[in-house]
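Taken in sequence, the protein lines are chains A and B. For the record, in the first sequence the residue sitting at position 261 is 261 according to the working numbering, with numbers rising by one throughout. For the record, in the second sequence the residue sitting at position 132 is 132 according to the working numbering, with numbers rising by one throughout.
Among the hints, erroneous ones may be present.
Cut-off 25 Å, straight-line C-alpha distance, at most; resulting in silico cross-link-like pairs (DSS-like, lysine-lysine) [claimed, not checked]: (1) A:Lys102 <-> B:Lys99; (2) B:Lys72 <-> A:Lys293; (3) B:Lys99 <-> A:Lys99; (4) A:Lys40 <-> A:Lys300.
If the Cβ cut is set under 8 Å, some of the chain A residues that face chain B in the computed set are [claimed, not checked]: (5) Ser200; (6) Ser204; (7) Glu205; (8) Ala206; (9) Leu209; (10) Gln210; (11) Arg211; (12) Phe216; (13) Leu217; (14) Glu219; (15) Thr220; (16) Phe222.
Derived by calculation from the structure, the hints in this document are not laboratory data. Glycine is no exception: its CB is placed at the ideal position from the N, C-alpha and C atoms.
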Amino acid sequence: MRNIILLSIICLLSFTSNLLSQSLDELELRYDNLRSVVEKDNLILDSLKNILENRAKQIENEKQKPNPDNEKVIKLMAGSVSLSNTIDDHQEELETDTKNLKQLSEMLEVKYSAKIDSLKLLKKSGKENFDKLDGEILLYTEKRLLISPQVDMLSFNPQKILEVDLKKAKTIEEKLLLKEYLSNALAEVNLLLSDVTKQSEEISEALTLQRKTSKFLTETEFDRNVGIDRISRSSTQRTSLEILLSGKDNLTIADQINSYTLLLDQLNIFDKSGGVKTNKFNHKPGTTNLSLKDYSELLKEIRQRLNDYKLILANRIEQSR
Amino acid sequence: MRISAAYFLLGLIFTSIPSSFSIAQISWNINTEGGFFNLNNDGSSKLHDLLFRIDGNLNYFYSDNGVSASAKFKVRPEFYGFNNNFKSLKFKASGGYYKKEENINWGINLTGQKDFYQNNITDFNYSVFLLAVNSDWYELLECPISVQLGYAYQTASEKIEQNLDLLFLDIEIFKTLFPNNHSGLGFYIEWFTIDNKYLSKFTNAASKNNGMRFGPQISFNYLESILLNLEYRFLLHSSEVTEYPSYEHWIRLVAGTIISERWSIFLLADYYNRRFTLKEDHSVETFLIYNPLDNENKINIKLAYEINDSFELYLKAGYFEENFFDLRFNFDGWNMLLGFEIRD
Chain A
1 MRNIILLSII CLLSFTSNLL SQSLDELELR YDNLRSVVEK DNLILDSLKN ILENRAKQIE
61 NEKQKPNPDN EKVIKLMAGS VSLSNTIDDH QEELETDTKN LKQLSEMLEV KYSAKIDSLK
121 LLKKSGKENF DKLDGEILLY TEKRLLISPQ VDMLSFNPQK ILEVDLKKAK TIEEKLLLKE
181 YLSNALAEVN LLLSDVTKQS EEISEALTLQ RKTSKFLTET EFDRNVGIDR ISRSSTQRTS
241 LEILLSGKDN LTIADQINSY TLLLDQLNIF DKSGGVKTNK FNHKPGTTNL SLKDYSELLK
301 EIRQRLNDYK LILANRIEQS R
Chain B
1 MRISAAYFLL GLIFTSIPSS FSIAQISWNI NTEGGFFNLN NDGSSKLHDL LFRIDGNLNY
61 FYSDNGVSAS AKFKVRPEFY GFNNNFKSLK FKASGGYYKK EENINWGINL TGQKDFYQNN
121 ITDFNYSVFL LAVNSDWYEL LECPISVQLG YAYQTASEKI EQNLDLLFLD IEIFKTLFPN
181 NHSGLGFYIE WFTIDNKYLS KFTNAASKNN GMRFGPQISF NYLESILLNL EYRFLLHSSE
241 VTEYPSYEHW IRLVAGTIIS ERWSIFLLAD YYNRRFTLKE DHSVETFLIY NPLDNENKIN
301 IKLAYEINDS FELYLKAGYF EENFFDLRFN FDGWNMLLGF EIRD
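Bound conformation, chain B alone (with noise of 0.2 Å):
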C-alpha cells in the first residue's frame, strides 16, 4: 500500500514538471557490458560463470531563471550465468526541483526503486522509496551549510519480508581550507524502525526494532584536474535490540581523472564497520538488526575511453565483501566487465 502511494506521489511529481521543451533537455543513454564474476556464499559455496548487463537511462532536465526540474528513469535486466538462470530486473526512477533564491537553494527529490531477483529456487523484490528536502543556506553563518531532512523506506519480500522506516536529518558545514578544496564537518541523526513480518508469522517472539543512529560526520572534497571526495562517519547506535556500546562507521572514498582526451579513470571504495552488542544472544533478535541491504565493503575501478561524443568503451572492476545479521551470513565477490555506451 505504501508503495503504490509512493509511486502515486512520483507520478504526480513527474507530471508537474515543466512542460516546455524550450529551455528542457532530454538525453538518453544505453550501457551493455558482459564478463566473469565471482562469488562466494559464506565460504560454504562457490559460484563463478558470466554475466551480462544492459543498462538504460532516460533524463529530463529543465532549467529556467533559478528553477530546475528533473526526472529520470533506470531500467537494468540482469544475466547471472546460464547454468544457474539467476536474473534480476531493476527500475528506478527519480523526479528532482531545485529554487535558486537569493541567499538559500532548496529542492526536493524522490527517488523510488524495485528490483526483482529470481533463479529456480528463489524470487525475492525489494523496494526502496526516498523523499527528501534539502536546502543550502549562504549567509546564516560564515560558510555555507546545507541541511537534509528525509523520509525513506525500503521493503524486502520473501523469506526475509523485512520492511525498515527511517527519517533522517543531515546537516553539514562547508569550509576551504587550501587552493581548490571543499571540506566539511556535519551531523548526522537517523530515527528508525525495522518490522520483520516473518518474525511474527512464526515466532512468538518481537518483531518489530526501534532505534536511532547518529554521529558526526566529516567530508574533504578537492577538485581540479582530478576529483577526490573523501567521507567519513561514525555512528553512535541506539535500538531495543541492542546495547551500549554499539557504533559503527563508514568510510568512503571516491576519486576520478580525465587522463587525457580520451582516457578517464575512476575509483570508488566503501568501508563499512561494525560493532553492534546484542541485548540477548538469541539467534532471533539478529534478524532485527539494522541491516540496510547495501552496507558493504567495496572497491569499484572504472577506465573509459571516449571513441566520440556518443561512443565509449569501457572497462569495469569490482569487488564486495557483504555482511547480514550480526556477521553470521556473508558473502563476496568481484566482477569484471568489458561494456559500451551509446549516448544521444
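For reference, chain A alone in the conformation it holds in the complex (with noise of 0.2 Å):
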C-alpha cells in the first residue's frame, strides 16, 4: 500500500515538474496542433449536423406523403439514430479538446505576458539594444494576441491586421491604400479604446466612492455596539452594475446593458466555461448578476486587449515611413 501511495506521488510530481517545465516551443507546438485538431472537429460537425438535419427533413417530407413507405421511415430513422451517437462523440470530443486548447491558451497568454514584462524590465535597466527588445515586445504582443479570442466587434479582422505586411507591398497604391487601412482601424481602436476607459474610469471612482463609504459604515457602527439588524443588511453593498450603465447618451438602461452584453460577447474574454458569463445580462433591465467590481476588471481586460492592437497598428503604421 506504502509502495503504491509512494508511486503515484512520484507520478504526481514527476507530472507537474513536466508540466512546468514545458518551453514556450513545446507549448506553441502543441496549441497548433490541437487548434487544427478543434478546426477539424469543428468541420466534421458541422457536416454531420448537415445529413442529420437533411435526414430528419426526408423523414417529414415521407411522413406527409399520402401513402407513406414506412420501411424507409424506419430505416432513415435507424440511420438517424446512428449518426446522432456519432454526433454526440464527436461533440464530446470538440468540448474536451476545446477545453484543453483553451488551457494551452492561457498557459501561453501567462508565459507570453511575463515574457513581455521581462523583456519591458530589461529595457528600463538599459543594459539591452533598444530596438532589439522593442522587436521582441512586439513579436510576443502579437503571438499574445494571435491566441486571444478574436475581436469581432471592430470592423476590421485584427487576425488580418496582424499579417498586413507594408513593405510587402508591390505597388505605391497597394502600399497607400493598406496604410490607409491600418490608420483607419487605429482610429477605430482609438475610438473604442477613450470609450472603454471613459467607462473604466467612472465604475473605477464609483467602487472607490462604495468601498470608503462602506468603510465609513463599518468603522461607524463599531463606535457603538452592534446592532443585529444592522449587520445583516447593508444596502449600499447592494448596488449593481446597472446603476452605473443607466442614463447615458440619452440610452434606457437596456440599451445600454444590451450595448455592453455585445461588447462582452464580441470581445469572448471569458469563454463558456468562464467564471463571467454574459448571457447573465439577459438584455433584461434590472435582472443584472454581475457586480461593479467584476465589471470593472472586464473592463481593464477590454482595454488590455485594446492596448495590444493599438501598438500592433502604430507599429505597423511606422513601419511604412
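Two chains, each in its own frame: build the complex with the hints.
What follows is the structure, encoded as C-alpha cells:
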C-alpha cells in the first residue's frame, strides 16, 4: 500500500514538473496541433449535423406523403439514431479538445505576458539594445493577440491586420491603400479605447466611493455596539452594475446593458466555461447579475486587449515611413 | 456555552476558507484617533474628557471562478479620560462565503463580537453572534430579489444579564426608477425571545418575553459622483409584555462623495423612534422590552484627506442619543476626533 502511495506521489510530481518545465516552443507546437484538430472536428461536426438535418427533412417529407413508405422511414430513423450517436461522440471530443485548447492558450498567455514583462524590465534597465528589445516585445505581443479570442465587434479583422506587411506591398498604390486601412483601424481602436477607458474610470471612481462609504459605515457602527439587524443588511453593498450603466447618452438602461453585452460577447474574454457569463445580462433591465467589481475587471481586460492592438497598428504604420 | 459553540463554528469556517494565496488578498489597516467626548447621563450627571482609541483591522479575501470567501478581524481598545478610568476593548471576527451561479447568488455570513467595558465601579461585557444566509435571485421576477434568513443572539452580563435570541427573514425586491438609481421595497419579520436572568434571580416576576416584529421596508440608492442611501422601516411590535398599538420607525441616511482627488466626506444619520404600550405598567416589565443596545438616534460625519495610498488623515464628529427601558433611562453625547490611518 505504501509503495502504491509512493509511486502515485512520484507520478504526480513528475507530471507536475513536466508541465511546469514545458518550453514555450513545445507549448506553441501543442497549441497549433490542437487548434487544427479542433478546426477539423468543427468541420466534421458541421457536416454531420447537416446530414442529420437532411435526414430529418426526408423523414418529414416521407411522413407527409399520402402513402408513406414505412420501411424507408424506419431505415432513415435507424440511420439517424446512429448518426446522432456519432454526433454526440464528436461533440464530446470537441468539448474536451476545446477545453484543453483553452487551457493551453491560458498557459501561453501567461508565458507571453511574463516574457513581455521581463523584456520591458530589461528595457528599463538600459543594458540591452532598445531596438532589439522593442522588436521582441512586439513579437510576443503579436503572439499573445493571436492566441486571444477575436474581437469581431471591430469592422476590421484583427488577425488580418497582423498579417499586413507594408514592406511587401508591390505598388505605391497598394502601400497607400494598406496604410489607409491600418490608419482607419487605428482610429477605430482609439475611439473604442477612449470609450472603454471612460467607462472604466467612472466605474473605478464609483467603486472607490462605495468602498470608502462602506468602510465609514463599518467603523461608525463599531463605535457603538453591534446592531443585529444592522449587520445583516447594508444596502450600499447591493448597488449593482445597472446603476452605473444608466442615463448616459439618452439611452435606456436596457439599451446600455445590451450594448455592453454585445461588447462583452464580441470580445469574448471569458469563454463559456469561464467565470463571467455574458448571458447573465439577458437583455432585461434590472436583472444584471454582474457586480461592479467584476465589470471593472472585465473593462480592464478589454483595455489591455485594445492597447495591444493599438501598439501593433501604430508599429505597422510606423514601418511604412 | 452558546458563545463557545458560536466561536467554534466561526473558527471552523475560517480554517476552511481556501488557503491558496495566488488569488487571495490580505489587507490591513490601523487607525489611531484622539479627541474629546461629552456624555450626559439621564440629565443627572455630565462627563466630558479626552477620548483615545486604536483600531486594528486584518482582512483576508479570496475570489476565484465565481466563488469568494472573506475573513475579517477587528480589535479596538478605547480609553475614556484619565480620571474616570473608563476603558473598553472590542473584538470582532466575521467570515463569509459567496457563490455566484447563473441566475442566483448565495452566501453565508458569520459574525461574532465581544465587547468589554470597565471602570472603577463597573465591569460589563457584551457578546453578539450572527449567522445569516443570503441569496440574490435574478430571474424569478422581472426585478432582482434579495432574501436573507438569519439567526442571532446577544448576551449582556453584569446587572442587566439579558439575553436576546432572534430569527429574522428579510426580503427585498429592487427596481431602477431613474438613471443611477436602485430602489427597493420589502418586508422584514423577526421572532425574538428575551430572557432576563436578573429578574429570575431576584424577583418572582416572569423573566421571559417572546414576541415578533414585522413590517414593510423601503430603500433608495443613488450612485454616481455621490452616493446616497436612504432606508426606512416601519415595524409593528407584538410581544407578551406589550399591547396594540406598539410600533417602531427606523430611518437611515448614508451619503458620501469624493470631493477632489484627496478629499472625501461621509455622513450617517439614524433616527429611531418607538411607541410601546405595556400591558401592565409595572417597572419590572420594562426590563423585558425589546431593546437591542444600539437602537439610538445618531449622526456621524467624517472628513478625510488622503495623503497617499497608504496614509490618510481624518476628522470625525458624532452625536448620539440612546434610550433604554421604556424611555426611562436615557443618555446622549457627542465626540470630536482627529485621527490617521495607515494601511497596506
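Results for each hint:
Of the supplied pair hints, the one linking Lys102 of chain A and Lys99 of chain B holds, its CA atoms being roughly 23 Å apart against a limit of 25 Å. For the hint linking Lys72 of chain B to Lys293 of chain A, the alpha-carbon distance of about 19 Å falls within 25 Å, and the restraint holds. Annotation: proposed proximity of Lys99 of chain B to Lys99 of chain A holds, straight-line Cα distance about 23 Å (limit 25 Å). In summary, the hint linking Lys40 of chain A to Lys300 of chain A is not supported, as the alpha carbons are separated by about 34 Å, beyond the 25 Å threshold.
The interface hint given for Ser200 of chain A is violated, since its Cβ lies 16 Å from the closest Cβ of chain B, which is over the 8 Å cut-off. Annotation: interface hint on Ser204 of chain A violated; nearest CB of chain B at approximately 11 Å, more than 8 Å. The beta carbon of Glu205 of chain A is positioned within 8 Å of a beta carbon in chain B (closest approach about 7 Å), and the interface hint is therefore held. Hint status for Ala206 of chain A relative to chain B: holds, with the closest Cβ pair at about 6 Å, below 8 Å.
Here the hint on Leu209 of chain A is kept, as its CB sits about 5 Å from the closest CB of chain B, short of 8 Å. Look at Gln210 of chain A: its Cβ gets to within about 6 Å of chain B, closer than 8 Å, so that hint holds up. A distance limit of 8 Å between C-beta atoms decides the matter here; for Arg211 of chain A the minimum to chain B is near 10 Å, and the interface restraint is violated. At a threshold of 8 Å, the smallest CB-CB gap from Phe216 of chain A to chain B is about 4 Å, leaving the interface hint in force.
For the restraint placing Leu217 of chain A at the interface with chain B, the shortest Cβ-Cβ distance is roughly 6 Å, inside the 8 Å limit, so the hint holds. Taking 8 Å as the C-beta contact cut-off toward chain B, the hint placing Glu219 of chain A at the interface holds, the least distance being around 7 Å. Hint status for Thr220 of chain A relative to chain B: holds, with the closest Cβ pair at about 5 Å, below 8 Å. Hint status for Phe222 of chain A: holds, given a least beta-carbon distance of 6 Å to chain B, under 8 Å.
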